[in-house]
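**Q** If you want the building blocks of each chain, they are given just below.
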Amino acid sequence: MDALKQPRPETRVITGNAAAAYAVRLCRPDVVSLYPITPQSEVIETLERFHANGTLDAEMVQVEGENSAQNVVCGASMAGARVFTATSSYGLVFMYDAILQTAGYRAPVVMVNVNREPPGIHAVCSGQQDMIATRDSGWIQVIAESVQEILDLVIMAYRLAEDREVLLPIMVNYDGFYLSFLAESVEIPEQEAVDRFLAPLNDQPPRPVLEPGSSKGCGAHGLGAGYVELRRKHMAALDRARGKFDEVDALFGADFGRSYGGQIDCYRTDDAEIILVTSGSAVGTARTVIDAKRAAGVKVGLVKIRMFRPFPIEVLTKALQGRKAIGVLDRSIAFGWDCGPMYQEIRALTPEIGTVPLLSFIDGLANMDITKPHIERVVDDIQRAALGHDYQSVTWIASGE
Amino acid sequence: MTTTETVTRFKKLPKVTQYYKNEDQFTPGVAFCSGCTLEHNVRFVSRVLGKDAIFVGTPSCSAPVLNGANDGAWHRHAHYACTMTGVASSATGLRRAFLKAGKDATIVCFTGDGCAMDVGFQPLSGAAERNEKIIYICYDNEGYMNTGIQRSSGTPLGASTSTTQVGSTGQGKSTGSKNMPMVMAMHDIPFVATATLSHLDDYAKKLDKAREFCKEGFVYLHVFTPCNVGWKTPTDASIEVCRAAVKTNYFPLWEADHGRFRMTYKTKKPHPVEDLTSLLGKFKHLDGAQLAALQAQVDKRFHVLQSLCAGFTEGE
Ligand SMILES: Cc1ncc(C[n+]2csc(CCOP(=O)(O)OP(=O)(O)O)c2C)c(N)n1
Ligand code: SF4
Chain Y
1 MDALKQPRPE TRVITGNAAA AYAVRLCRPD VVSLYPITPQ SEVIETLERF HANGTLDAEM
61 VQVEGENSAQ NVVCGASMAG ARVFTATSSY GLVFMYDAIL QTAGYRAPVV MVNVNREPPG
121 IHAVCSGQQD MIATRDSGWI QVIAESVQEI LDLVIMAYRL AEDREVLLPI MVNYDGFYLS
181 FLAESVEIPE QEAVDRFLAP LNDQPPRPVL EPGSSKGCGA HGLGAGYVEL RRKHMAALDR
241 ARGKFDEVDA LFGADFGRSY GGQIDCYRTD DAEIILVTSG SAVGTARTVI DAKRAAGVKV
301 GLVKIRMFRP FPIEVLTKAL QGRKAIGVLD RSIAFGWDCG PMYQEIRALT PEIGTVPLLS
361 FIDGLANMDI TKPHIERVVD DIQRAALGHD YQSVTWIASG E
Chain S
402 MTTTETVTRF KKLPKVTQYY KNEDQFTPGV AFCSGCTLEH NVRFVSRVLG KDAIFVGTPS
462 CSAPVLNGAN DGAWHRHAHY ACTMTGVASS ATGLRRAFLK AGKDATIVCF TGDGCAMDVG
522 FQPLSGAAER NEKIIYICYD NEGYMNTGIQ RSSGTPLGAS TSTTQVGSTG QGKSTGSKNM
582 PMVMAMHDIP FVATATLSHL DDYAKKLDKA REFCKEGFVY LHVFTPCNVG WKTPTDASIE
642 VCRAAVKTNY FPLWEADHGR FRMTYKTKKP HPVEDLTSLL GKFKHLDGAQ LAALQAQVDK
702 RFHVLQSLCA GFTEGE
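Line order of the protein sequences matches chains Y and S.
Residue numbers in the first sequence follow the working numbering, run continuously in steps of one, and reach 401 at the last position.
Residue numbers in the second sequence follow the working numbering, run continuously in steps of one, and reach 717 at the last position.
Derived from the structure by calculation, the hints contain no laboratory data.
Idealized CB from N, CA, C, for every residue including glycine.
Treat the hints with caution; some may be incorrect.
[To be verified] Heads up, incomplete: computed chain S residues facing chain Y, CB under 7 Å, no partners named:
1. 423
2. 451
3. 481
4. 484
5. 486
6. 487
7. 493
8. 495
9. 497
10. 498
11. 501
12. 524
[To be verified] From the derived model, a few chain S residues whose C-beta atoms are all more than 10 Å from chain Y:
13. 431
14. 523
15. 638
With the sequences and hints as input, model every part of the structure.
**A** Right, dumping it as structure tokens:
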């Protein structure tokens, strides 16, 4: 089909949402379900435009709500299709029962979640609380920092989710507004190159799918021991996903010239005495601040979390061991703990990392910019704690603390 | 009745068996209460639609059989179990995947009224609006039976359930049921029909049409399926109850084939609705006023149906 021929590799200035859509098209999904929500709508609208123009040959299902969006792709995936859907905020939680089901069925669904605050109809603004609300759903969750990384991460997501050693749904997250509508110069790979990158999936043994006329069933999880066994297999698959993600990232680098460090990305951490950990669009700002602080003689490094589920336990432990103090900057809240969720999880690694001052910073809720001065202050706080001064374990920068 | 008696009795096979495509795909011993028409219903659907049909089902009384957890007793259909909220949408996903792969498939959603008319209604309505090429069969036992006989929007006026109880102030359900087959007919889909288990020829013909029409778009069948436990009837009364529902016009048999409404069974002289309610324990508390209200609702709904049918017979 001529229409499916993609343009030559090109550099274009496109938004984060468009980058996601371009990546999805390059991965040739069979079934796409579409439902609008700000700041995601542009993803599905762009895909629909591709479809209307004949450059995306997929079944497009314009559902009546996100719950159906998720069930459609789960069902289609269990029937052997490559699938895609996108959502955000309330949309994500409206599909929550289906999200749990998709994970339980080990359906390799690829979904974009454009991070947005959930409560209040006017909370049309950035925040990672939606992703956090689904952290225990059994999905793989990854987070992009830039528009290029969104595009690359979606392509990697298919390679990871559909790997027979993994077979799990994956949620590609990026900050709403900051990245969804940010236009950056992006390199769009050639169709043939992406086909080649995903081709090894076809050489793997076929995954079990539902077929007409067979007596196969899907969804009877069984009771007692049978159920527990499936849960343990699910856990084991999540465990394997960590190393696989590093591998996929490296293979992507070899094919396309861009790789991102796998589960985490360490920036100027080699000789760092203190570390700032964060994720998403704040990372770019943080890098600038780290450079400035380094120039001023502060031995600070930055760890960017790219994979949040499964949690990068080993690589994070390695990156954080032997430091004098660590700060974690979260764009969401761990209710019941009064701290940020990523901080909470890193704190659970204390036995491995060792007891050093560990500081939680909550910022960037509801579209409040995480500015350079904010991050400078974060680094200063971590530095003071490293020098033995008293410190506040949780700081709500978002409320002016 | 012993097996030999059955064989002697059916020396000549009943007419309806001509619609059977295959042997019973269900083993004996499936987990329904004795006398439950749901078992009859699902076995019948399977025989008429054929063994390639893929069932999509939910938590419900049919779940243990359709979707597992019924150790030892089973069926040979491909099946997909999902949440109550995800039936029509999951079926959509399966169907679209098969379409994309160029595979033929008859996808049959088989759920209770609680799923179809309440918590799974939005996806059902959405799939109908999109005219997905699937069959949706709602077996209407007029309540949430699997969870202990609670009210659903299929529960009729006055019926006693565990969430619409009868007591010194409670008088059963205070509102009528949703006229679900009519609601679905208003979605303008290729085929909508009602059916029940006392009129199997009629049901079989409709299933045959369903198999054909689902190649073109959405098909909805609403099947009156008495639950002897929840309705408080003897185990051998279920078919009699179905017949009474038809004869009283409480559950008329009709179809809308591409929007052309037609009665598929005509009751010459409708019986009063009391002929049905008197059979059912769930109605035994009804007083004169409640009975009159139920009768009025039955009459009104039948009148609407008749005028819809008349619109198409006049010109013929
Ligand atoms: C979302 C959701 N809510 C509630 C339940 C609990 N539940 C299990 S079976 C059932 C009743 C289903 O009723 P219906 O669809 O009418 O089928 P029936 O039990 O009558 O066969 C309910 C409410 C559930 N499984 N999922
Ligand atoms: S509770 Fe009613 S519907 Fe459910 S299996 Fe028993 S008789 Fe059938």
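**Q** Does each hint hold? Answer for all of them.
**A** Here is how each hint holds up against the structure:
| no. | hint | result |
| --- | --- | --- |
| 1 | 423 | violated, 11 Å |
| 2 | 451 | violated, 9 Å |
| 3 | 481 | holds, 5 Å |
| 4 | 484 | holds, 5 Å |
| 5 | 486 | holds, 6 Å |
| 6 | 487 | holds, 4 Å |
| 7 | 493 | holds, 5 Å |
| 8 | 495 | holds, 5 Å |
| 9 | 497 | holds, 4 Å |
| 10 | 498 | holds, 4 Å |
| 11 | 501 | holds, 4 Å |
| 12 | 524 | holds, 5 Å |
| 13 | 431 | holds, 14 Å |
| 14 | 523 | violated, 6 Å |
| 15 | 638 | holds, 33 Å |
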